[in-house]
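Asks: Once you have looked at the hints, place chain B on chain A.
Chains as they are written, first to last, in my numbering: chain A, 1 to 163; chain B, 1001 to 1102.
Derived from the structure by calculation, the hints contain no laboratory data. Keep in mind that a hint or two might mislead.
Think about it this way: if two alpha-carbon atoms lie no more than 25 Å apart in a straight line, the pair counts; the simulated SDA-like pairs of lysine to any residue are [claimed, not checked]: (1) A:LYS28 / B:VAL1083; (2) B:LYS1086 / B:VAL1032; (3) A:LYS29 / A:LEU16; (4) A:LYS29 / B:TYR1082; (5) A:LYS89 / A:THR101; (6) A:LYS28 / A:VAL97; (7) A:LYS29 / B:LYS1086; (8) A:LYS29 / A:THR96; (9) A:LYS89 / A:LEU100; (10) B:LYS1086 / A:GLY67; (11) A:LYS28 / B:MET1085; (12) A:LYS29 / A:PHE145; (13) A:LYS29 / B:GLU1074; (14) A:LYS28 / B:ALA1023; (15) A:LYS28 / B:ILE1038; (16) A:LYS29 / B:ILE1038.
Where chain B lies over chain A, by a calculated footprint (3+ residues, C-beta under 8 Å) [as the list claims (entries may be wrong)]: (17) 6-17; (18) 24-38; (19) 45-54; (20) 62-68.
What follows is a list of derived Cβ distance ranges for each label pair [unchecked claim]: (21) A:ILE106 / B:LYS1086: 35 to 41 Å; (22) A:ILE92 / B:PHE1081: 26 to 32 Å; (23) A:ASN87 / B:PHE1005: 29 to 35 Å; (24) A:LEU5 / B:MET1085: 48 to 54 Å.
Owing to the predicted nature of the structure, the values given are computational and were not obtained by experimental measurement. Note that beta-carbon positions come from the ideal geometry of N, C-alpha and C, so glycine has one too.
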Amino acid sequence: MGMVLSEIVFAGIAILTVGSALMLFMLKKLIHAVVCITLAFIGAALMMLFLGQSLFALLLMLVFIGGISTYLVVAVATEEKKAVMINQKLFIGAVTVFTLTMAISILPQVAAPQTLPAQTGMADLLSQFIQGQYLILYLLVLLLFSTVIGGILVMRKFAKLLI
Amino acid sequence: MIPLFYFITVSVVMLAIGLAGIASDRHLIVIVLGVELILVASIISLVGFFTYSQPQNTDAIAMLLALFVVAAVEVIAVITFYVHMKSMNVDFDVTKLSRLKW
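Excised from the complex, chain B in its bound form:
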């Protein structure tokens, strides 16, 4: 039997890698992949806590399905937007997107 601690450790390391990747990369697709990594890390920790603490709790299942949907929709929306903008020859360096700065 694998302790819950191991799963949470892997989840924490993946979360840290995703955060660091988002902070240090400029390409839009790589940033989206970093967000995906964070969502997968959250899925691992959520399933771990759900399995070890309250397997009968249906709220956790609903939250997990919502996480799956969010992860899938986020990637598909951003990549579609990216491909559309590339077809219009728009340069996509995210560090140049400074209009929303305050």
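Chain A on its own, in the form it takes in the complex:
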């Protein structure tokens, strides 16, 4: 049961990560692309948590979400020009071709079952997450992410006044 639950949660995180990566190139406005890549960073950090690497998850969140995403929002917020994609069908075709090529060449080599003795079920992972020493820092990361979203809202409201 725990195994199934953790796989379902992992599937949700994988869909969030891959979906936001796809939407990054499909959406027209740059600010939407920045929000999409922030979501992809969050998905990647959650995957680090699944792997039991709390420190890397924290580092990913602090550096990428707290630093890079905020910087991107500030740089892009005043940008009016829309992203110009050469051809959306070309993009979909390229994604398909690249995915198939790499899946055929890479994935069969890691398809053999691997064991991870250090990690247990989803419940243990969550209890580690809640009781862990990084809890305050995770709250700080959540605060940083809300700062990114708040920055977008404030800039949208006051950008015309500043210019």
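Replies: Structure of chain B alone, referenced to chain A:
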């Protein structure tokens, strides 16, 4: 326990999306975001292999920290360059940057 195969699959799909986005987009910032996506995909696969195969290996940690630094510095350098060029009213269509072609 989630198998390593799943992490590598997600990483491969993200790598493919990043490559396709770089190949099919013209805006500099979107291209930089595509490079970021590729770096994050490489971080996921590296952490996956590191966790499942050799958790005691410190070389992998050094490589991961180097990847973090490269990703951060690359974005900050390019965006600073972009903002500076925009302030000088330089048109930034990357398909027009043909001077380095051979």
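Asks: Against this structure, judge whether each hint is valid.
Replies: Evaluated hints:
Between the alpha carbons of A:LYS28 and B:VAL1083 the distance comes to roughly 20 Å, so the proposed pair stays at or under 25 Å and holds. For the given pair, B:LYS1086 sits about 16 Å from B:VAL1032 by alpha-carbon distance, which is consistent with the 25 Å threshold. At most 25 Å may separate the alpha-carbon atoms for a hinted pair to count; A:LYS29 and A:LEU16 meet this at roughly 19 Å. Of the supplied pair hints, the one linking A:LYS29 and B:TYR1082 holds, its CA atoms being roughly 17 Å apart against a limit of 25 Å.
For the hint pairing A:LYS89 with A:THR101, the CA-to-CA distance comes to about 18 Å; that is within 25 Å, so the pair holds. With a C-alpha separation of about 23 Å, the suggested pair A:LYS28 and A:VAL97 falls inside the 25 Å cut-off, and the hint holds. Of the supplied pair hints, the one linking A:LYS29 and B:LYS1086 holds, its CA atoms being roughly 17 Å apart against a limit of 25 Å. With a C-alpha separation of about 24 Å, the suggested pair A:LYS29 and A:THR96 falls inside the 25 Å cut-off, and the hint holds.
Restraint check: the Cα-Cα separation between A:LYS89 and A:LEU100 comes to about 17 Å, which is no more than 25 Å; the hinted pair holds. With a C-alpha separation of about 22 Å, the suggested pair B:LYS1086 and A:GLY67 falls inside the 25 Å cut-off, and the hint holds. Taken as a hint, the A:LYS28 and B:MET1085 pair is honoured in the structure, with Cα atoms around 22 Å apart against an allowance of 25 Å. Among the hinted pairs, A:LYS29 with A:PHE145 is consistent with the structure: their alpha-carbon atoms are about 20 Å apart, no more than 25 Å.
Distance hint between A:LYS29 and B:GLU1074 is fulfilled; the C-alpha atoms sit about 22 Å from each other, no more than 25 Å. A threshold of 25 Å between alpha carbons decides the hint, and for A:LYS28 with B:ALA1023 the separation of about 16 Å falls inside it, so the pair holds. Among the hinted pairs, A:LYS28 with B:ILE1038 is consistent with the structure: their alpha-carbon atoms are about 20 Å apart, no more than 25 Å. Between the alpha carbons of A:LYS29 and B:ILE1038 the distance comes to roughly 21 Å, so the proposed pair stays at or under 25 Å and holds.
Coverage of the segment 6-17 of chain A by chain B holds [criterion: at least 3 residues with CB-CB distance below 8 Å; count 5]. Using a Cβ-Cβ cut-off of 8 Å, 6 residues of the segment 24-38 of chain A lie near chain B, which meets the minimum of three, so the contact claim holds. For the segment 45-54 of chain A, the proposed coverage by chain B is satisfied: 6 residues have a C-beta within less than 8 Å of a C-beta in that chain, meeting the threshold of three. Chain B is given as covering the segment 62-68 of chain A, and this holds because 4 residues of the stretch bring a CB closer than 8 Å to a CB of that chain, at least three being needed.
With their beta carbons about 39 Å apart, A:ILE106 and B:LYS1086 fall inside the hinted range of 35 to 41 Å. A hinted range of 26 to 32 Å holds for the C-beta pair A:ILE92 and B:PHE1081, which are about 30 Å apart. The hinted window of 29 to 35 Å between A:ASN87 and B:PHE1005 holds, with their beta carbons roughly 33 Å apart. Remark: the range hint 48 to 54 Å for A:LEU5 to B:MET1085 is upheld by a beta-carbon distance near 50 Å.
Of the numbered hints stated above, none is contradicted by the structure.
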